[in-house]
Amino acid sequence: MTAIEARPETGAKALPEAKRRRRVHPVIVIAAAAVLVVVLTYVLPPFRNYQLATVGAYFCVTAGLTVLTGLNGQLSLGHGALMATGAYTLALTQNKWENLPVSFAAAVLVTTLLGAIIGLAAARLRGPYLAGLTLAVAIVVPSVTSTFDETFNSDQGLSVYLNPPPEQYPMEQWQAWLCWSAALVVVLLLALLVRGRFGRDLRAVRDDETAAKLAGINIARTQVLAFVVSAACAGVSGALFAYLAQSVSPGAFPLTLSLFLVMAIVIGGLGSLFGALWGALLLVVLPTLSQSLGEQAGSQRLEGNLALIVFGVVLVVVMLAAPGGLASIPSRISRLIRRNR
Amino acid sequence: MSEFIYLTFDGLSRGLVYAAFALALVLIWRAARIVNFAQGAMAVSTVYVAYSVTNATGSYWLGFAAALLAGLALGVTVERVVMRFVDHSSPLNGVVVALGLVLIIQGVLGIVYGNEFLPFATPFSRDAFEVGGVAMLSRYDLFVFAAVGTVVVALTLLFTRTAIGLRMRAAAFAPDVSRLLGVSVGGMLTLGWALAAAVGSLAAILVVPTELGVHPTAMDVVFVSAFAAAVVGGLDSPIGAVVGGLIVGVLLSYVSGYIDVTVAPMAVLALLVVVLLGRPGGLFSSSKARVA
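Residue numbers (my numbering), protein chains in the order written: chain A, 1 to 341; chain B, 1 to 292.
Quick caveat, the hints were computed from the structure, so don't treat them as lab data.
Just so you know, even glycine gets a beta-carbon here, dropped at the ideal spot from N, CA and C.
Incorrect hints may appear among the rest.
Stated by the list, open to error - Covered by chain A, per the in silico footprint, the following chain B stretches (three or more residues, Cβ under 8 Å):
#1 62-76
#2 111-122
#3 265-278
Unchecked claim - The following residues of chain B were derived to be distant from chain A, with all beta-carbon distances above 12 Å:
#4 F9
#5 D127
#6 S225
#7 V261
#8 G281
Make the full structure from the sequences, and use the hints.
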């Protein structure tokens, strides 16, 4: 009974609120973000610029994962492996042809193909079964690199040959520009994609498969497409990481990376691209913070492990207290204030 | 031929450990519809308890008992303190909270014990007996068979022959009706977590000495193999978990023996893909109704 009584009231409330907050077009948001990034790269010192670049690189993959997990409801624990695919492809093509745009294109292409293959299998699976399959994908990276060690050079990995940036720009600034151009293009494309019919299909499949099927949505195709799109984003991100580190090795893509990515999008707020930005930011900030804390305490054991604990605690607390993630906290607060007035 | 026999027995011994671990996953899945991704980390922390106790007292068996008790306690704690408060509207929530626990546990273990592999001895020799020049089983393998066999039989008896087992099944199957009939559903859930965690500890304490040693992430790959075993069997089926565990164990043993150890994770992935493409709910799943 209560649910039925409550519905007209919330409906009436929701409508004006939606009208008040008319969505700004993504192109405007992205343009503003681009200006902000350029300003930041001139203000920040080199190391901060490098961190800014890392945030951009993470933003690509968290945004793609947000589309897959948040909007389509498919959980992937294997995106670290997809990033590794992008990174290794970039390294191999770059060392062969030394043409960065071509290498990037190859990285995205190969990762997209792999994503399509995994996606075809994933579309048949639900919940824990999907998690299990993608988890197995995540741990396969070191195994592949040491089995085909002539190509991938086992645990040592490959170094990436790169041309230095134009002389008038410092390396870190150039890196930040490249990473953020890629991130902003990726996010813009994703934002345009999920605004339209495809986004509606994604959410319909997530919320109620049966209803979506009855409405004429091709479920399997929607799920595979979501996987392909997010795999392509992971490929871009992996390529950026190979570019930033100028090397690739299986150690850079452990199981914990895949788990961190899921956490980042959950903490940031599932289903919102803005939440994916929060997640990317946390992935860079939290480890740095805990490392400096560990250094102050003068304990080596603390340095690496404190980050894990902080991440874990934040995750559990956010999940129990605010399942909508950090991105939902402002609207929660404003709702609380309005209710108390 | 002799290599084949040796690999088969070795695989069965490993497979039983995966089976026990998979069984623990299935226990929690059946009771709470959560896949406990933290199980590997929880089990490792109890192996560290065994490590400390064994080092302090010099007795493997005191450490062994301490690990199982710590498993029970940890299961109760995790369920009462964290998992009980997870919002179950999306299956993702439970998974993510469990992943958070993994990080917390691994971080704490790393701070307390450090991130290096610590040696952990076995109570019996791991040298295989030879029958007519063919290496077959080691004493330790026999110990593993006995330990896991005892647990499987005990759990089966518990669930099919005792009132507690009946209540646990009822609470998992129809919580609301069970509550009306006077079953403490929350209590059964806690008991399920405690049992599962203890079984997980047993599996970990059996497998860790055969690998590189104790390490905060020592169970990561074992967890993936055991999870694959549970998924192959069908998460709802205890028999499936045991069969799946044996399949995964023997497969990994053949692949490591005949091809290369590094190929093992790829073999697990291939097995998962083949099984799940054929039967998306696992080998022992019951057929599902058509939705549209």
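Outcome of the hint check:
1. 62-76: Coverage by chain A is violated for the region 62-76 of chain B (0 residues, Cβ < 8 Å).
2. 111-122: Three-residue rule met by the region 111-122 of chain B, so holds; n is 3.
3. 265-278: As far as the region 265-278 of chain B goes, the hint holds, because 8 residues have Cβ atoms under 8 Å from chain A.
4. F9: holds (24 Å)
5. D127: holds (28 Å)
6. S225: At about 9 Å from chain A, S225(B) fails to clear the 12 Å cut-off, so the statement is violated.
7. V261: violated (9 Å)
8. G281: Per Cβ check, G281(B) is inside 12 Å of chain A; nearest 7 Å; violated.
Checked against the numbered hints given earlier, this structure breaks hints 1, 6, 7 and 8; the rest are met.
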